[in-house]
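In the order they appear, the protein sequences are chains Y and F.
So for the first sequence, the numbering used here puts the first residue at 32; every next one is plus one.
So for the second sequence, the numbering used here puts the first residue at 3; every next one is plus one.
Hints were generated in silico from the structure; no laboratory data involved.
Positions of the beta carbon are idealized from the N, C-alpha and C atoms, including for glycine.
Treat the hints loosely; a few may be bogus.
Ranges between beta-carbon positions, derived for each pair [said to hold, decoys possible]:
1. F:A137 / Y:Y200: 43 to 49 Å
2. Y:Y200 / F:F481: 47 to 53 Å
3. F:A137 / Y:T77: 38 to 44 Å
4. F:K491 / Y:I138: 43 to 49 Å
5. F:V417 / Y:R174: 55 to 61 Å
6. F:F488 / Y:V196: 39 to 45 Å
7. F:I454 / Y:A105: 55 to 61 Å
8. F:K491 / Y:A105: 22 to 28 Å
9. Y:L53 / F:F245: 49 to 55 Å
10. Y:L108 / F:F488: 18 to 24 Å
11. Y:L187 / F:V417: 27 to 33 Å
12. F:L366 / Y:L86: 54 to 60 Å
13. Y:S51 / F:F481: 50 to 56 Å
14. Y:Y200 / F:F488: 55 to 61 Å
Computed, partial: chain F to chain Y, Cβ under 7 Å [to be verified]:
15. I170
16. V176
17. L177
18. R191
19. L219
20. V412
21. I420
22. S450
23. M453
24. I454
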Amino acid sequence: MNQDPNDTGVGEGRKKTSVSSLIHWTDFRVTVIILAICGALYTVTTGFEEVAAMLAQNIPPEWFPQLLIWIVVALSLVLPFEHLFLEKGAAEIDKDRSEKIKPMAMITAALLILAVTSILLFGTALAMVLVCIALPLLWGERRAKVLVPYFILFPLAVTLLFTQVLKVYFEPGAFGPAIQ
Amino acid sequence: MEAMFQGLGLILDPFNFFLIFCGVLIGVIVGALPGLSSPMAVALLLPFTIGLDPIPAIAMLSALYCAGTFGGSITAILINAPGAPPAVATAFDGYPMAKRGEAGRALGMAAVSSVAGGIFSLIVFLIATPLLAKAALTFRPPEYFALAVFALSMLASISGKSSVRNLIAGAAGVLISTVGIHLTTGVERFTLGLTDLTDGIHFVPVLIGLFAVGELLNQSQALNIAYERITSIVVRLPSRADFLKVKWTILRSSLLGTFIGILPAEGSTVAAIMGYNEAKRWSKNKEEFGHGAIEGIAGPEAANNAAAGGAMVPTLALGIPGSGTTAVILVALIMHGFRPGPYLMNQTPHFIYAIFGAMMIANLMFFVLGLAGAKVFSRITLIPRTLLWPSVFVFSMIGAYSFSSSVFDVWVMLVSGIVGFLMLRHGFGPAPLVMGLILGQLVEESLSQSMIMFDNNWFQFFESPIVVMFFVLTLLGLFGAPLVRFLGKIYNRVKPPERRAAE
Numbered sequence: 032m033n034q035d036p037n038d039t040g041v042g043e044g045r046k047k048t049s050v051s052s053l054i055h056w057t058d059f060r061v062t063v064i065i066l067a068i069c070g071a072l073y074t075v076t077t078g079f080e081e082v083a084a085m086l087a088q089n090i091p092p093e094w095f096p097q098l099l100i101w102i103v104v105a106l107s108l109v110l111p112f113e114h115l116f117l118e119k120g121a122a123e124i125d126k127d128r129s130e131k132i133k134p135m136a137m138i139t140a141a142l143l144i145l146a147v148t149s150i151l152l153f154g155t156a157l158a159m160v161l162v163c164i165a166l167p168l169l170w171g172e173r174r175a176k177v178l179v180p181y182f183i184l185f186p187l188a189v190t191l192l193f194t195q196v197l198k199v200y201f202e203p204g205a206f207g208p209a210i211q
Numbered sequence: 003m004e005a006m007f008q009g010l011g012l013i014l015d016p017f018n019f020f021l022i023f024c025g026v027l028i029g030v031i032v033g034a035l036p037g038l039s040s041p042m043a044v045a046l047l048l049p050f051t052i053g054l055d056p057i058p059a060i061a062m063l064s065a066l067y068c069a070g071t072f073g074g075s076i077t078a079i080l081i082n083a084p085g086a087p088p089a090v091a092t093a094f095d096g097y098p099m100a101k102r103g104e105a106g107r108a109l110g111m112a113a114v115s116s117v118a119g120g121i122f123s124l125i126v127f128l129i130a131t132p133l134l135a136k137a138a139l140t141f142r143p144p145e146y147f148a149l150a151v152f153a154l155s156m157l158a159s160i161s162g163k164s165s166v167r168n169l170i171a172g173a174a175g176v177l178i179s180t181v182g183i184h185l186t187t188g189v190e191r192f193t194l195g196l197t198d199l200t201d202g203i204h205f206v207p208v209l210i211g212l213f214a215v216g217e218l219l220n221q222s223q224a225l226n227i228a229y230e231r232i233t234s235i236v237v238r239l240p241s242r243a244d245f246l247k248v249k250w251t252i253l254r255s256s257l258l259g260t261f262i263g264i265l266p267a268e269g270s271t272v273a274a275i276m277g278y279n280e281a282k283r284w285s286k287n288k289e290e291f292g293h294g295a296i297e298g299i300a301g302p303e304a305a306n307n308a309a310a311g312g313a314m315v316p317t318l319a320l321g322i323p324g325s326g327t328t329a330v331i332l333v334a335l336i337m338h339g340f341r342p343g344p345y346l347m348n349q350t351p352h353f354i355y356a357i358f359g360a361m362m363i364a365n366l367m368f369f370v371l372g373l374a375g376a377k378v379f380s381r382i383t384l385i386p387r388t389l390l391w392p393s394v395f396v397f398s399m400i401g402a403y404s405f406s407s408s409v410f411d412v413w414v415m416l417v418s419g420i421v422g423f424l425m426l427r428h429g430f431g432p433a434p435l436v437m438g439l440i441l442g443q444l445v446e447e448s449l450s451q452s453m454i455m456f457d458n459n460w461f462q463f464f465e466s467p468i469v470v471m472f473f474v475l476t477l478l479g480l481f482g483a484p485l486v487r488f489l490g491k492i493y494n495r496v497k498p499p500e501r502r503a504a505e
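One chain only, chain Y, in its complex shape (with noise of 0.2 Å):
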């Protein structure tokens, strides 16, 4: 039994009065989004193209999607009260989201949609060559040395296998032509 009064056990998602505790909090909020998501997509499945009995052989198209859908709401309306029945409470998953996801996890994540944006504008060849460049400069190397031959040669040898060995056609994008 924890005996230390200000160490709930299972982290910062569980409160320490008594019927609150009951509940994880940042596990219902996890319900909640699930839920909308749920709720959202069974709107769309009642949108499907209705097709006759006979021709859905009394399976509708919307049903098996439905009956997933209802697995999943009646799953994660356990969330909330899982960590009841975990050995360690809910310890060892709030170790993961113990601590807010850090602006470079975002920044890189908004870079990576800049980088597939750019297959569209510049071709798949130089949107290699631009995540080759800025996302190590991004995550801070500064050697030029190391640098340099890395964001010439390597696009140049994925470019080259995929393009003469693996004979994959490469997106020329938008500007593609102009820029070579």
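Following the hints, put chain F in place on chain Y, whose structure we already have.
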């Protein structure tokens, strides 16, 4: 017999042999690099195999799988950073041994145990796969539905922090598999009017996104981690005394690992942890565990490699993935035009023997590579992460794109990666989602066919003893562990105080 010689002959072809070597080399490197995992490597390698014949392609991926499981032990022992999740238990005793100057002995034991476990499971694979495939030939849609449901229920017990989360992720995976045109009626489902989605969501971009991009975002938060490195390594084989000490541990772990591997969805990580626990439970020197017990290396290493061979049994015989990595291998099989399941064994038996041969060669190769190159492989972690992960993203981007030369697939990969990162933060692993995605079509099709067969009468499911057996196993998979824990608690409360005190 003819099929066996044909299959093994194919593998001994110099080019195929070279591909297996490449698979092993990549596997050991990937296994040794913390953050990179076997499923990720197999997913990233998939696009490279498009131009290959199916047998060398699958042989290379299978070799990578075997070697990747072993590779994790190198960094687990030398820098206390398991390169792959199945090597977590190896670090418990491997690193303390390395710290007291026995890195070579620890690495040698890891290599020997891995090979022993791997070869044991391959022998079981060779015997069990045809038998299981033969039994599965009698399966009709209801049996397949029950089997798929059983496989999904096993997600409740795979490694991860929460059974409920694994089941939610599995169900979400099945739900994602419903995107596209409904086969029975031709109605578009969840396509949002996008023509790219009418074919459904392709497996490969989702796999790459979940395993590679999700981890990349995770790594972006841990750029300042530095590892303490053991530098003086003289790798030598374990002594005769070491062998005598661990021979039963290896045998027990090999059996346990193979069995766990054969169970749908259960993979090497569960096997390794159970192998470690069993090694400790049966050891006469329990107090040494955690401080550098040689059995603490033999147990998990034999078990995790045995699980790799075991996991191939349901994958090839039934078309039900035995682990996260075999789920990706299953996708590779489908991509190369094979239909995993009993017909694979019956129509192309030489294929199974070729895979057996490839995995056997891979085991022997990583034994040699692991012993001879441990020092080199441990230096792989010196590759700056600032260059490694951008390279992973470039391969992810090109891998997702080259599957069908579609930028839409790159977006699917990226969205899957971001969603996977957020899911992982809240304890939802990528492996259950992938399993659900792959089993989804089988679940829906077999359920629909069964309902048509039974004229919508659910009770007819219970007329088949095989279906009933799988449903009982499903219930045990879902509620067995909590029930045992609950009964254990009750037993502890009601047992006599003197016995409780004695314990």
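| task | Given the hint of 22 to 28 Å, check if K491 of chain F and A105 of chain Y actually sit that far apart at their C-beta atoms. | result | Holds, since K491 of chain F and A105 of chain Y (Cβ atoms, about 25 Å apart) stay within the stated range.
| message | Please check whether L108 of chain Y and F488 of chain F have a Cβ separation lying inside 18 to 24 Å. | response | holds (20 Å)
| query | Are I170 of chain F and chain Y close enough, Cβ to Cβ, to be under 7 Å, as the hint says? | reply | holds (5 Å)
| query | F488 of chain F and V196 of chain Y, beta-carbon distance inside 39 to 45 Å? | reply | violated (58 Å)
| request: Under 7 Å, Cβ to Cβ, is where R191 of chain F needs to be relative to chain Y, so tell me if that hint holds or is violated. | output: Holds, about 6 Å.
| query | Using the C-beta atoms of V417 of chain F and R174 of chain Y, is the stated range 55 to 61 Å upheld? | reply | violated (33 Å)
| task | Confirm or reject the claim that A137 of chain F and Y200 of chain Y have a C-beta distance inside 43 to 49 Å. | result | Cβ of A137 of chain F to Cβ of Y200 of chain Y: about 45 Å, so the range 43 to 49 Å holds.
| query | Does the hinted range 55 to 61 Å hold for Y200 of chain Y and F488 of chain F at CB? | reply | Given a distance of about 58 Å, which is inside 55 to 61 Å, the answer is holds.
| task | Kindly confirm whether 47 to 53 Å is satisfied by the beta carbon distance between Y200 of chain Y and F481 of chain F. | result | holds (52 Å)
| Status of the hint placing I420 of chain F at chain Y (closest C-beta pair under 7 Å) | Holds - the Cβ of I420 of chain F comes within 7 Å of chain Y, reaching about 6 Å at its closest.
| query | With a cut-off of 7 Å, does the beta carbon of S450 of chain F approach a beta carbon of chain Y closely enough for the hint to hold? | reply | holds (5 Å)
| In this structure, is the beta-carbon distance linking L53 of chain Y and F245 of chain F contained in 49 to 55 Å? | This hint holds: roughly 53 Å between Cβ atoms.
Hints 5, 6, 7 and 13, counting from the list given before, are not met by this structure.
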